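Trainee: Sequence:
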Amino acid sequence: MALLAVPLLPLIAGFALIGGGRWPRAVSRDTAWWSAALVAAATVVATSVVAIRRPSLDREWVPSLGLRFHLGVDGISIPLLLLTAAIGLIVVLHARVEPPTGSAATYYGCLLIVVGGALLTFLARDAVLFFIAFELVLVPMWVLIGVFGDSHDRGRTRRAALTFVLYTVLGSTLMLVGILALGYTVGTTDLATLGRGVSLDPALQTTIAVVLTVGLAIKVPMWPLHSWLPAAHTSAPTGGSVLLAAVLLKMGTYGIVRLVIGPLADGWLTIAPYVGVLAVVAIFWAGLVCLVEPSLKRVIAFSSIGHMGVVMLGLATGTELGIKAALFGNISHGLISALLFVVVGGLKRRWGEDDLAVERFGLRDISPRLGFALLLGLAASLGLPAMAGFWSEFLTVLAAFEAPPHVGLFQWLGALAALGAVLAAAYSLRVARLVWAGSSDTPEPARPDPAPWTDAVGMEWLVAAVLVVAVVVLGVWPTGLLDLMTPAVNALGVLR
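So in the working numbering, spot 91 of the sequence shown is number 91, and the numbers just go up one at a time.
Simulated from the structure, these hints should not be mistaken for laboratory data. Fair warning: this is a prediction, and the values are worked out from it, not measured in the lab. It cannot be assumed that every hint is accurate.
As the list claims (entries may be wrong) - Capping the alpha-carbon separation at 16 Å, the derived lysine to aspartate or glutamate pairs in EDC-like fashion look like this:
id: 1; residue 1: 348; residue 2: 153
id: 2; residue 1: 348; residue 2: 135
id: 3; residue 1: 348; residue 2: 201
id: 4; residue 1: 348; residue 2: 455
Just need the whole structure built from these sequences, with the hints factored in.
Mentor: What follows is the structure, encoded as structure tokens:
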């Protein structure tokens, strides 16, 4: 029962809120927020129960096509389920600080549907069910960006939402073609069966692996298929940006593990060197852009592309250590990006914009709590020891040096990825100097602010503090997460 409750609670509540949004007098803003908050909290509880008990559900769905309604959890999906449920609660709570413009019921409904779709994606054990769940998040995320996004430039916001949809539809089309080809040639779409590996002609296996990887790489996003992400982050509301970075990007890498690395081991190892090269290009490209990008929100968006490059490099190594490093990086980046977007969203709300070229008073003097959260998020992002971001980067580089085939290539890629940390340090220090230390002696916002400048208090500080604690705990105690993943990663049976 708890297994079904995990995705159904947010999905049913989300659709109910959207339906209620047509009658704003019947569903007030407070009613919508309390409803969403209670559902999000209940989802966290249900997800925790599932993580502990590890139930499964396997029923016939479409017998004529051999499709099954198969849900289950393991050490690969449990961390992502817990992350998604927690982030869902965080974005709903944070909306109390940054309420949506327009229909609150529709906004919270879209948030919950995105969370429910992501949870169903991580629970699905049938490739077709995985695809359907994957697609559930498309329309509500488009609404969050296009309808509830930045109102200062509606044209840019609409273009960002349209670009998000076009890229996602392209990726989904390729993914569907790959899933159908895999199911037709193997005779099943059950991920438990596919995860044990399939015997196909090497050329066919490589072809299907390429189609699936490109389709999923758009969601990661992997360079050069990344251009939709900065635009989406720039226009999305804070809650949308947090969900996008912390949850939706992880659906792409998770799909690569389930649909490519497990079933198509030989095909993945064939294309892995090319994936590794593109991953390192992403690390350097994103780092260089962050050094000159004037928009603070876009800096965090491009840094996400670099971090996901590290994750893709870990997957490309094809080793147990590399895959564990990548999965760890999914969780660490989810927490770090959520923290940074919460802080940046608060700054943009206070400043009226996020232009780093504007001289401003430093947060260390006028907002010490926001400044502390920003500094810790930047420190974790650049991979300082004892922070969540350190372990994925360190273990990925180590895995690159241990990868047996193409060992020379991956050693070079590992060394280059390590050098990419220098760029991360440079752009993090740039942001810290301009925002935390300040570039002006006059404590005036970039635009007239109708409210006096205040530090993070109440719900805003609670959300930031919870994320700060999570980032530090994961950095100090990574063993728990790594040990949880180990049996499931070993069960893939595709390691070099």
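Trainee: Compare the structure with each hint and give your call.
Mentor: Checked hints:
1. Note on residue 348 and residue 153: the hinted pairing holds, with a Cα-Cα distance of about 15 Å set against a maximum of 16 Å.
2. Only pairs whose Cα atoms come within 16 Å are accepted, and residue 348 paired with residue 135 is rejected, the gap being roughly 31 Å.
3. Of the pairs offered as hints, the one joining residue 348 and residue 201 is violated, with about 53 Å between alpha carbons and a cut-off of 16 Å exceeded.
4. Among the hinted pairs, residue 348 with residue 455 is consistent with the structure: their alpha-carbon atoms are about 13 Å apart, no more than 16 Å.
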